[in-house]
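Colleague: Keeping their order, the protein sequence lines are chains P and Y.
For the record, in the first sequence the residue sitting at position 128 is 128 according to the working numbering, with numbers rising by one throughout.
For any residue, its number in the working numbering is found by taking its place in the second sequence, counting from 1, and adding 156.
Possibly wrong hints are sitting among the right ones.
What the hints assert, rightly or not - The list that follows gives simulated cross-link-like pairs (lysine-lysine, DSS-like), each with its CA atoms no further than 27 Å apart:
(1) K58/P x K144/P
(2) K33/P x K58/P
(3) K158/Y x K33/P
(4) K165/Y x K58/P
Calculated directly from the structure, the hints in this document are not laboratory data.
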Amino acid sequence: MESVCDIHMYVNGNPVTLQSTPLMSLAGILREKLGLTGTKVGCNTGECGACTVILNGKAVASCMVIAGQLDGADVRTIEGIGSEQALHPLQQVFIEEGAIQCGYCTPGIIMSAVALLEETVHPSDAQIRDAIAGNLCRCTGYQKIIRAIQRYAETR
Amino acid sequence: MKTEYLRPKHMDEVLRILQVRGSHAHILAGGTDLLVHLRQASYQPECLVDITALDELRRIRRDDEMVYLGALVTHRQVERDPRLANYAGVLVNACHQVGSVQIRNYGTLGGNLVNASPAGDAILALAVLDAEILLHAAGGERWLPLSEFITGPGITTRCPDELLTTIRFQRLPASACCFFHKVGQRRSVTIAKVSISGMIFLAEGVIQECRIALGAVAPTVLRLPSVERFLCGSSINEQVIQQAADLAADSCAPIDDIRSTVEYRRHMVRVLARRCLQAALGVS
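All chains, full assembly: derive it from the sequences and hints.
Modeller: Next comes the structure, spelled out in structure tokens:
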């Protein structure tokens, strides 16, 4: 019988208790055990950034974090940033700037941007590019994404 | 066969497990290399020892002469350490160019060393820093120079019962000119096609100390003792730079592979060596 680990963690500020096989990824746990499907799985190798969440204050690829490492963790996902009824202003600016096409990369990019903006109130263009370098977008060519983040940062 | 997953809370537990099970166990730190390999190979190891609970391995310590990095220190920690920028600039620069923010936040230096890629960015900088690594086993510990630890592509002299716990190196003099340059398919999330790093310490236009290393052009990261010997004691001028660049290009052993070719790599070694030495000239 496969071993199981007990996880007590916080997801978007809410305490969560669950069990998982130790090697299940955080992305899998969020999507399949918690129904939080805003976090997407792209490459499953940590390179595309679609699965980016903020773990213990840092932007990470949730496909590379395994259940065994999650006890006591603080996890923030796109669902904790805003909702359909109440968009985060950053999400609103993304829409206004046309920074979204298919939307698959968007949750990951928003999480990377949030992580950046929590550290750097007015990031430079270079800092924005560095922060989202691990988030691949096949649709937009990135310019509007960068502009949206820049525009949002200017309003603060 | 399902993998047995263990996450010991203390170092001595890890070492006991490795003593008994080491030859059938994989050690997991950040997992940014290991998990990818396991998933791609659909390989289920007999035993996975997750060492991420060993918080004592996450520290950066320093004294007047030396810097000590715990094996679980992440590339991001190094990148953002303001003091390391003053006396280990090559390593800060190298770590900044690894992967992406997400990868740097999770991937560890210890894991990167044990992965022992010939193209490893942090490894290249650590070679310039003359780093040593500490291997712990239940029966004792030993320090090894980096050059004796990594002996081939993906090959280290770590014994199955050993855990890499610490990396140490001497601080560079504040006035040393450091360089690190990586050529990849793109600017981020890319493995080096060819890379160069080094440190030059000049006094009155004469090179007092010089260390140069190349990445991705040999079975391991490569220090260039012939180039270093040639440059030490020389005044830095265009002719010396050109000769050093030619010597560097002749000293490496690149191969054709999925990322690049022999010709391009050798050409870029010459170009990068020139550029980096010229930058040092500009500063002097």
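Colleague: Indicate, hint by hint, whether the structure satisfies it.
Modeller: Consistency of the hints with the structure:
{"no.": "1", "hint": "K58/P x K144/P", "in the structure": "holds, 24 Å"}
{"no.": "2", "hint": "K33/P x K58/P", "in the structure": "holds, 22 Å"}
{"no.": "3", "hint": "K158/Y x K33/P", "in the structure": "holds, 21 Å"}
{"no.": "4", "hint": "K165/Y x K58/P", "in the structure": "holds, 23 Å"}
The earlier numbered hints are all upheld by this structure, with none contradicted.
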